[in-house]
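Generate the whole structure from the sequences, applying the supplied hints.
So the protein sequences, as listed, match chains A and B.
The first sequence maps to residues 67 to 184 in this note's numbering.
The second sequence maps to residues 52 to 160 in this note's numbering.
Source of the hints: derived by calculation from the structure; they are not laboratory data.
The model shown is predicted, which means the values in this text are computed figures rather than measured ones.
Built from N, CA and C at the ideal position, the CB exists for glycine as well.
Be aware that one or more of the hints could be misleading.
[Said to hold, decoys possible] Facing chain A, according to a computed beta carbon distance under 7 Å, are these residues of chain B, among others:
| # | residue |
| --- | --- |
| 1 | Arg-92 |
| 2 | Gly-93 |
| 3 | His-96 |
| 4 | Asp-143 |
| 5 | Tyr-146 |
| 6 | Phe-150 |
| 7 | Ser-152 |
| 8 | Gly-153 |
| 9 | Leu-157 |
[Claimed, not checked] So these bits of chain B aren't anywhere near chain A, every CB distance computed over 12 Å:
| # | residue |
| --- | --- |
| 10 | Gln-65 |
| 11 | Glu-106 |
| 12 | Leu-126 |
| 13 | Thr-128 |
| 14 | Arg-131 |
| 15 | Thr-135 |
| 16 | Ala-141 |
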Amino acid sequence: GAVVSQHPSWVICKSGTSVKIECRSLDFQATTMFWYRQFPKQSLMLMATSNEGSKATYEQGVEKDKFLINHASLTLSTLTVTSAHPEDSSFYICSARDRGVTGANVLTFGAGSRLTVL
Amino acid sequence: SQQGEEDPQALSIQEGENATMNCSYKTSINNLQWYRQNSGRGLVHLILIRSNEREKHSGRLRVTLDTSKKSSSLLITASRAADTASYFCASDSSYKLIFGSGTRLLVRP
Chain A
67 GAVVSQHPSW VICKSGTSVK IECRSLDFQA TTMFWYRQFP KQSLMLMATS
117 NEGSKATYEQ GVEKDKFLIN HASLTLSTLT VTSAHPEDSS FYICSARDRG
167 VTGANVLTFG AGSRLTVL
Chain B
52 SQQGEEDPQA LSIQEGENAT MNCSYKTSIN NLQWYRQNSG RGLVHLILIR
102 SNEREKHSGR LRVTLDTSKK SSSLLITASR AADTASYFCA SDSSYKLIFG
152 SGTRLLVRP
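What follows is the structure in C-alpha cells.
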C-alpha cells in the first residue's frame, strides 16, 4: 500500500531557530500534499495544500512567511517553521494523495513530527 | 471554524460491546471518510462513503450518512482492546479534507 515517510519524528529547538520537516511519498507520486497541525487531544487543522511545482495554498489565518512549504518533486514536500517560538510547538502531520488513483480524495498520512520549541 | 463536530468526545466501553460515534459537518461534500489515529501517530484511512450512499459496511465497521442533516455515524461492532484510538470523520469538499473534532475510544479488556 501507499506509504508516506515523515522526518524527523520529533525535534526540539531553541526559540528563533528554523526547523524543516520532510514528507516523502515512498511508492507513489503525489501531485498534492497537505500539511496539518494538531494540538494535544484536538483535531487536525489544515494549514496548507502543497502542489508540485507551484506555490502552496494556505488556509485562512496561517502565515505563509512563517510556515514555508516547498513541493519540489512528485515525492517530496517540506515544511519549514521559520523563527520558531514556543507557541509553534505542536504535532505536524503531512498527507499525500496518490496521483495514480482517480476519484475519491483518500489520503495517506505520515507518522507526524512533534516540534517542541524551548 | 474549519472543523466539524463529533460526539461523544470520549467513549469508554467493555471489550465485545459496540461503539457508535457521530459526526456533523458544515459544507456540501463529495464524500465523507473516517480515519483512526493511535496516540501520537499519523492517521489511517478506515472507510469512505460517497455523498449518494446512505450506508456502507467494511468488516466490523458500519458507516451511515445523512446528507440532509449533514451527519454521519461510525459503528464498530464487537470491539476489541486494539480498537482503542481516536477516530476522526473527514468531509471531502473541493478536494480538501476537513476533519471533525474526534472521538477518543477506550476499549477495556
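To see whether the hints hold, each was checked on the structure:
| no. | hint | in the structure |
| --- | --- | --- |
| 1 | Arg-92 | 6 Å, holds |
| 2 | Gly-93 | 4 Å, holds |
| 3 | His-96 | 5 Å, holds |
| 4 | Asp-143 | 5 Å, holds |
| 5 | Tyr-146 | 5 Å, holds |
| 6 | Phe-150 | 5 Å, holds |
| 7 | Ser-152 | 5 Å, holds |
| 8 | Gly-153 | 5 Å, holds |
| 9 | Leu-157 | 13 Å, violated |
| 10 | Gln-65 | 23 Å, holds |
| 11 | Glu-106 | 17 Å, holds |
| 12 | Leu-126 | 21 Å, holds |
| 13 | Thr-128 | 23 Å, holds |
| 14 | Arg-131 | 22 Å, holds |
| 15 | Thr-135 | 15 Å, holds |
| 16 | Ala-141 | 8 Å, violated |
When the structure is compared with the earlier hints, violations turn up for hints 9 and 16 and for no others.
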